[in-house]
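So you can see what is in the structure, the chains are spelled out below.
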Amino acid sequence: MEKLLTIRELKHLATEIRKDTLRSITAAGSGHPGGSLSAADVMTALYFRTASLSSPIDPNRDRIFWSKGHIAPLLYTLLAYKGFFPKEELMTLRKLGSRLQGHPRKGSPPGVETSGGSLGQGLSIAVGAAYAARYDKLPVRAYCLTGDGELQEGQIWEALMAGAHFKLDNLCAIIDNNGLQIDGKCSEVMGIDDVAAKLRAFNWHVISIDGNDMEQCVNALDEAKTVKGQPTAIVAHTIKGKGVSFMENVVGWHGKAPSQDELAQAIRELDAQECE
Amino acid sequence: MATAHKDVCGTLEGKATRYGYSDGLLILGRTDPRVFVLDADLAKSTTTDRFQKEFPDRFIDCGIAEADMVDIAGGLSLMGKVPFTSTYGTFMVDRALDQIRVTVAYGELNVKIVGAHGGISVGPDGATHQALEDLGTMRMLPHMIVINPCDVNEARKATLAVAAMQGPAFIRLGREAVPILTDDATPFEIGKGITFEDGDDVTIAATGYMVYEALLAHEELAREGIHARVLNIHTIKPIDRELLLKAARETGAVVTAEEHQVMGGFGSAVAEVLVQDCPVPIEFVGIKDRFGESGTPDELLTAFGCRYTDIEAAVHRLLKRKE
Chain P
1 MEKLLTIREL KHLATEIRKD TLRSITAAGS GHPGGSLSAA DVMTALYFRT ASLSSPIDPN
61 RDRIFWSKGH IAPLLYTLLA YKGFFPKEEL MTLRKLGSRL QGHPRKGSPP GVETSGGSLG
121 QGLSIAVGAA YAARYDKLPV RAYCLTGDGE LQEGQIWEAL MAGAHFKLDN LCAIIDNNGL
181 QIDGKCSEVM GIDDVAAKLR AFNWHVISID GNDMEQCVNA LDEAKTVKGQ PTAIVAHTIK
241 GKGVSFMENV VGWHGKAPSQ DELAQAIREL DAQECE
Chain G
1001 MATAHKDVCG TLEGKATRYG YSDGLLILGR TDPRVFVLDA DLAKSTTTDR FQKEFPDRFI
1061 DCGIAEADMV DIAGGLSLMG KVPFTSTYGT FMVDRALDQI RVTVAYGELN VKIVGAHGGI
1121 SVGPDGATHQ ALEDLGTMRM LPHMIVINPC DVNEARKATL AVAAMQGPAF IRLGREAVPI
1181 LTDDATPFEI GKGITFEDGD DVTIAATGYM VYEALLAHEE LAREGIHARV LNIHTIKPID
1241 RELLLKAARE TGAVVTAEEH QVMGGFGSAV AEVLVQDCPV PIEFVGIKDR FGESGTPDEL
1301 LTAFGCRYTD IEAAVHRLLK RKE
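Line by line, the protein sequences are chains P and G. For the first sequence, position 104 matches number 104 in the numbering used here, and the numbering has no gaps at all. Each number in the numbering used here comes from the position in the second sequence (counting from 1) with 1000 added on.
Hints listed in this document are in silico derivations from the structure and should not be mistaken for laboratory results. Check the hints yourself; a few may be wrong.
Unchecked claim - Straight-line alpha carbon distances no greater than 30 Å define the calculated DSSO-like cross-link-like pairs of lysine-lysine that follow:
#: 1; chain 1: P; residue 1: K167; chain 2: G; residue 2: K1246
#: 2; chain 1: G; residue 1: K1044; chain 2: P; residue 2: K167
#: 3; chain 1: P; residue 1: K228; chain 2: P; residue 2: K3
#: 4; chain 1: P; residue 1: K167; chain 2: P; residue 2: K11
#: 5; chain 1: G; residue 1: K1246; chain 2: G; residue 2: K1288
#: 6; chain 1: G; residue 1: K1015; chain 2: G; residue 2: K1044
#: 7; chain 1: P; residue 1: K225; chain 2: P; residue 2: K256
#: 8; chain 1: P; residue 1: K3; chain 2: P; residue 2: K82
#: 9; chain 1: G; residue 1: K1192; chain 2: G; residue 2: K1322
#: 10; chain 1: P; residue 1: K228; chain 2: G; residue 2: K1053
#: 11; chain 1: P; residue 1: K137; chain 2: P; residue 2: K11
#: 12; chain 1: P; residue 1: K106; chain 2: G; residue 2: K1237
#: 13; chain 1: P; residue 1: K256; chain 2: P; residue 2: K185
#: 14; chain 1: P; residue 1: K106; chain 2: P; residue 2: K87
#: 15; chain 1: G; residue 1: K1053; chain 2: P; residue 2: K137
As the list claims (entries may be wrong) - Some residues of chain P that are not near chain G, with every Cβ distance over 12 Å (derived):
#: 16; residue: R105
#: 17; residue: S124
#: 18; residue: E153
#: 19; residue: F166
#: 20; residue: D169
#: 21; residue: L171
#: 22; residue: E188
#: 23; residue: G229
#: 24; residue: A264
#: 25; residue: R268
For each residue, glycine too, the CB sits at the ideal point set by N, CA and C.
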């Protein structure tokens, strides 16, 4: 049995993952740092503590679907840290011939469960996977990461209906609720609040947390495993650009690569937080 | 629509291709435990309710949510299932195109997409429910196989064939009973067209229901001493280049016939092959860049130029061009 990583170890890991995510985006010259940083803690907790994921080809692995495909740089860094492909390859992000496409392509690299980038699709895929796992009586859980802006897509609500209708308690949605989207604040572009109340009204078990607090992330993911008869949604309240002062809560860092100087500054800040 | 015409192939007992689909599903249900069937509140219409009754555990009604249905099928396929998604072609292809493109085709998932109520012969429901662009839209997607069966038996065989292959595929079905042109002995292989009638004066390459109209045209033309070759091209992608090129070389002229927009559809697919490697004169029978409307299937086929008489007229034009 593998030893569970402690909260302290997970926090350290999340910082390293943030740094390599930013390095790959900087090398690419484009990409999406804001959402990658906001979701880094909860997804580190999922990949390195909660999910059963020893190999990308294990038929009984938990399935993690990234509906917000634009934060592919975080996905790739997590998979590299899982050891599913070499870390050096992170620097090929978005380059011609690379397995690391700007938005995820199924199986490229190993561990990418589905293609995505056109928003709104991932939760339906997770519903299908959870349905099949239950049918086959497999111990497989299906997770889906979505953004909060992404909740504006109608298909998400179709999938929310289906997940609850089919009573898929092996299904867990994680909403990276950072409050921002490309055109501005979600509340100003197309208001989606109250997210938790809406999810409850759709018959989901809802857990609201500070999604940048590692302990809360771990506890919420553990709680989701115990829920019976309905799917769980974790509303992770996060800060877009979390960990880098000049990126935090700045809409402009949704889809822009840092310069070399900005990268150096970001890494200095992340290292400093490590020492705190 | 079958009753309007003389019997060319042994039977006027028509049956809709959608029943061939559920015939195939029932066989698959009994032989392949991986097969799941999904519908979007049209199970009685697509006839998947026949599968639902026998295999309720492997039938998922997704409600009126086609996009959700396609991606649920994607999730099922990622767990090793072979899902068939079913609804009217308009909703299947047009409503869920993004899901079909990004999740299914780009991901090369083993999802089978079935669009019922293809063509103008859908009848009184009108333009919103008559799929006239489905074949063209689907054939543009990389990795997608596109099949348009001519009768109930071919629809059954197509259903079995796509289950036996790995990867995405689209099958078009029709609403109305159509004549039965093939039997159990007729070969069916994805990507291989079938020569239904030999002839050296002109080729009629037809797909779906229009194969029947092509056979009627063949008979009428024979009275005038014109020997038309009739090809049943059930697979639009990958298209049978070899058979088409051989026919073009040997007959020197080709008419295409489809119950679909000519623009981007079957006629375009045939023309893409011929203009490159054997540029003989071509005429296109099919829908000419317009939406459908309400009417009886027979009235509509006539009003929209999808009759054997339209094929005959096209042949006459072609023979003049050949001179």
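Structure-based check of each hint:
For a cut-off of 30 Å, the pair hint linking K167/P to K1246/G is broken: about 56 Å separates their Cα positions. Proposed proximity of K1044/G and K167/P is supported: the alpha carbons are some 25 Å apart, at most 30 Å. Distance check on the hinted pair: K228/P and K3/P sit about 27 Å apart at the alpha-carbon level, within 30 Å; holds. Restraint check for K167/P and K11/P: not satisfied, since their Cα atoms lie roughly 33 Å apart, outside the 30 Å limit.
Distance restraint check for K1246/G and K1288/G: the Cα-Cα separation of roughly 27 Å lies within the 30 Å cut-off, and the hinted pair is therefore satisfied. For the hint pairing K1015/G with K1044/G, the CA-to-CA distance comes to about 15 Å; that is within 30 Å, so the pair holds. With a C-alpha separation of about 36 Å, the suggested pairing of K225/P with K256/P is violated against the 30 Å cut-off. With a CA separation close to 15 Å, the supplied pair K3/P and K82/P stays within the 30 Å bound.
With a C-alpha separation of about 28 Å, the suggested pair K1192/G and K1322/G falls inside the 30 Å cut-off, and the hint holds. In summary, the hint linking K228/P to K1053/G is supported, as the alpha carbons are separated by about 29 Å, within the 30 Å threshold. For the suggested pair K137/P and K11/P, the alpha carbons sit about 34 Å apart, so the restraint of at most 30 Å is broken. Distance hint between K106/P and K1237/G is fulfilled; the C-alpha atoms sit about 23 Å from each other, no more than 30 Å.
Under the criterion of a C-alpha separation no larger than 30 Å, the hint pairing K256/P with K185/P is consistent with the structure, at around 17 Å. Between K106/P and K87/P the alpha-carbon distance is near 19 Å, which keeps this suggested pair within the 30 Å criterion. Among the hinted pairs, K1053/G with K137/P is consistent with the structure: their alpha-carbon atoms are about 23 Å apart, no more than 30 Å. Once the 12 Å rule is applied to beta carbons, R105/P is inconsistent with being away from chain G; the minimum gap is 7 Å.
A beta-carbon of chain G is positioned within 12 Å of the beta-carbon of S124/P; the least distance is around 3 Å. The claim that E153/P lies off the interface is violated: its Cβ sits roughly 9 Å from the closest Cβ of chain G, which falls inside the 12 Å cut-off. The beta carbon of F166/P is not kept farther than 12 Å from every beta carbon of chain G, the shortest such distance being approximately 8 Å. In this structure D169/P is separated from chain G by more than 12 Å, as the shortest Cβ-Cβ distance comes to about 16 Å.
For L171/P, the non-interface assignment is contradicted: its Cβ lies about 10 Å from the closest Cβ of chain G, within the 12 Å cut-off. Even its closest Cβ contact with chain G, about 26 Å, leaves E188/P beyond 12 Å, as expected for a residue assigned away from the interface. In this structure G229/P is separated from chain G by more than 12 Å, as the shortest Cβ-Cβ distance comes to about 19 Å. At the 12 Å boundary, the C-beta of A264/P stays outside the reach of chain G, the nearest C-beta of that chain being 36 Å off.
Taking the minimum C-beta to C-beta distance to chain G, about 38 Å, the non-interface status of R268/P holds against the 12 Å cut.
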